[in-house]
Amino acid sequence: MGLLDLLKGKYVDPTYPGVHAGGDIITTTVDAVVKWGRRSSIWPMPFGTACCAIEFMALTASHYDLARFGAEVLRFSPRQADLMFVAGTIVDKEAPVLKTIYDQMPDPKWVISMGVCASSGGFYRSYHVMQGIDEIIPVDVYVPGCPPSPEALVAAVMKIQERIKNGEQAKSPQGAHRLGISGEGAIDRRQRRAAWQQDDAARAAEGLPPRGVLALRVLPTETDDHHHG
Amino acid sequence: MASATQEPPAASGVEAPAARVLRAELGPQLRSVADFRGDLAITVERDAWVRAASLLRDHPQLDFKLFLDLCGVDQLDDDTDEGLRDRYEVVLHLYSVTHKHHVRLKTTAPEAAPDVPTLTGVYKGANWFEREAWDLYGIRFTGHPKLERLLTHDAFVGHPMRKDYPVGQRHVLKSPKVQLMDVPADSEHLLVNIGPSHPAMHGTFRVQALMDGETIAACEAEIGYMHRNFEKMAEVRTYWQIIPYTDRLNYCSSFMNGHGWALAVEKLLGIQAPPRAEAVRVILSEFSRIMDHIIAIGTNVVDLGAITPFFVMFRAREDIYELLDACCGARLTVSYVRIGGLAQDVPEDFEARCRRVMKSVQEVVDQADGLLTRNPIFTSRFKDVGAMGKDEALSWGWVGPCLRGSGVAYDVRKDHPYSGYEQYDFDVPVGTVGDCYDRYLVRMEEMRQSLRIIDQALRKLPSGPVIVDDKKVALPPKSEVYSNIEALMNHFKLVYDGILPPPGEVYGYTEGANGELGYYIVSRGAKHPWRVKVRPPCFNIYQAFPSMITGALLADAVAIIGGLNVIAGELDR
Ligand code: SF4
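Protein chains in written order, with the working numbering: chain A, 210 to 438; chain B, 99 to 671.
Excised from the complex, chain A in its bound form:
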């Protein structure tokens, strides 16, 4: 589907507000067109280090074919990419490299953290492994799995497309606070919990809620119970 076709309204509902003259004229905002363009032509940069990178290859190879989602132009240069796939374990030695490369990507940019290693350190809770890349860079979509299936990655790309459409973009590392307060990079759960408790107390003194408390959606209560009514 070419842009011209779309703009001519070939695939557009002619009764939709903003579509005029039977589909020959569309009024929209530049912003919407730009987002539509970005969404359909993502240039991913694979930051692949480990096993997940092999599964990433499967995603781009003939069978799963990421090209179907408009994201096949893999760029190994961060300056030409707008989506970074962090695929694989990131160890402390690699961390500054990852940060540098992230910083080199032009805005707007998105990050997919592929697999449990990139998301949380995975089952390597040890002396040289970063416990999740969100200690240092913002992450838009986390994909669980060790490695995640290619289908899950396709879903992640579609999530990114949705975020682009909505104009959302992660701006700061979500785990950054962990770095500062817990004797940088502590792994031991008890140690970390103690550090968090201290942090919570300090925030409470300032009248702030504890970090990481999510306001969960309240599910609407079902008024008439079909099963027991």
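Source of the hints: derived by calculation from the structure; they are not laboratory data. C-beta: ideal position from N, C-alpha, C; glycine also. One or more of the hints may lead you astray.
Which chain A residues face chain B? A few, computed with CB under 7 Å, are given here [unchecked claim]: (1) 258; (2) 260; (3) 272; (4) 305; (5) 313; (6) 314; (7) 315; (8) 334; (9) 353; (10) 360; (11) 363.
Starting from the structure of chain A, add chain B with the ligand where the hints point.
For chain B with the ligand alone, kept in the frame of chain A given last:
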């Protein structure tokens, strides 16, 4: 497996040649000779360390030319003076391709002065291994040309594999090392940094080259960008909990790592998996070998700019993924083996599935062959590039397709058959020049040979159980656990206590996709191994890379590295 892979232990009274020679030459400096499960281990005094290694290498009856592995072990158990005197061990593994025997040479160093003379003068390959032992254990190798950290980063404090170093103690690195080598102030050469994030470096290797025009005048490599501590994790896991970790060593062919691990532990336990399990292991290992070679060749030519062969060959990989998925529910990281057998039996239509996959492998191999083997663009990038001689390859410790490319027909499957490889008829291809093209040809032929093995194994696939019937090793079937109190208790006890092997140490080895993949396990009889050292084939291979590309064109470096098939998970562990 113990009976199948090892030479029969020397009859009582007759010592193995290595022990005999060393005893005669070193006299009282030879401390002890041990033979456990057919593994010959010789301990010598520190002063005789270099002499012993040279004797092993040069004595015509021994001829241990192939350097396999060198590692440290921390034997900390009590803080008494007695206990600390021999705290650190340095363990060397060697092999002789002419006499087909292995040997383990050990020496010890006290905590107060952990100095051991370097072996870099005897074996080229010792260089990085000694740096690793320094990095992880703080053992100082006197006379080493460049004793610096290898795997951990510069801001790291301490030696993490020591027993008194906490598993999770991290150190944060803020900025990477800028220069790996010194550039003379008046140099007219250009320093080029390649990697770690560079497509040809596969995300985790880093090379700095001093360029004289297009030629590499000097070069230095850095590794450790994927050092995720397999060996430390293994010390806090039970024997079967380690299986998933082994999957992630050489993740291009994860099944084979588990296969090797299971065999090593079975050797330690002195048990053997049932014939059906062994046959299935062979079949899936050979499929994994094909899978690995597909990645090796596919990515190698992608680095050179040809994407079509990659797409063509990846089709077969997808088919193999499907087969593995049908067997165990995972595509890449399979964790299908268990100590003593397999997790569960293969699906009913296993043979039909295998045949289908074989057909598709045959197809893509033929297609890739047509696309590449006689393609002038490809051959001119590959022929006579990165040639490696026989003796040098052995001294570096090369194994697998790379060593065979250099003309040494050493293949564990042939020379020390395990899992029933002796029943199958297959050829071992060898190269003549040892260049990139030979390594490519060896891999292509090995895929065909693997198909032959699979075909024979499928024809005589035995029936029967797929895991040993031993309640101290294998979990009882779930159906019984849910219905029978005794099985429930066994299940509980085994999960809670783990497998308890006898104290001792073994070196189990198999032919991985990249060559001899060894596991050196030190057990103290507890549920966690005391020490696990992986003998990673591509560590030795990659170590030679800087010297291979010195004097070559920069573009050739890219052609060479892909053909070495260095896998970060196995390299840095
Ligand atoms: S998440 Fe699993 S598959 Fe991915 S890099 Fe980590 S260990 Fe490997």
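These are the hints, each one checked on the structure:
For residue 258 (chain A), the suggested interface contact is upheld, since its CB lies about 4 Å from the closest CB of chain B, less than 7 Å. Taken as an interface hint, residue 260 (chain A) checks out: its beta carbon lies about 4 Å from the nearest beta carbon of chain B, inside 7 Å. Annotation: residue 272 (chain A) was flagged as interfacial toward chain B, and the flag holds, the nearest CB pair being 4 Å apart, inside 7 Å. Look at residue 305 (chain A): its Cβ gets to within about 5 Å of chain B, closer than 7 Å, so that hint holds up.
A distance limit of 7 Å between C-beta atoms decides the matter here; for residue 313 (chain A) the minimum to chain B is near 10 Å, and the interface restraint is violated. A hinted interface residue such as residue 314 (chain A) counts as satisfied when its beta carbon comes closer than 7 Å to some beta carbon of chain B; here the least separation is about 12 Å, so the hint is violated. Taking 7 Å as the C-beta contact cut-off toward chain B, the hint placing residue 315 (chain A) at the interface is violated, the least distance being around 17 Å. The beta carbon of residue 334 (chain A) comes within 6 Å of a beta carbon in chain B, closer than 7 Å, and the hint placing it at the interface holds.
Evaluation of the residue 353 (chain A) hint against chain B yields a violated restraint, the C-beta minimum of about 14 Å exceeding 7 Å. This hint is violated: residue 360 (chain A) has a C-beta 11 Å from the nearest C-beta of chain B, more than the 7 Å allowed. Among the interface hints, the one on residue 363 (chain A) is violated; its C-beta lies about 15 Å from the nearest C-beta in chain B, farther than the 7 Å criterion.
When held up to the earlier numbered hints, the structure conflicts with 5, 6, 7, 9, 10, 11 and fits the remainder.
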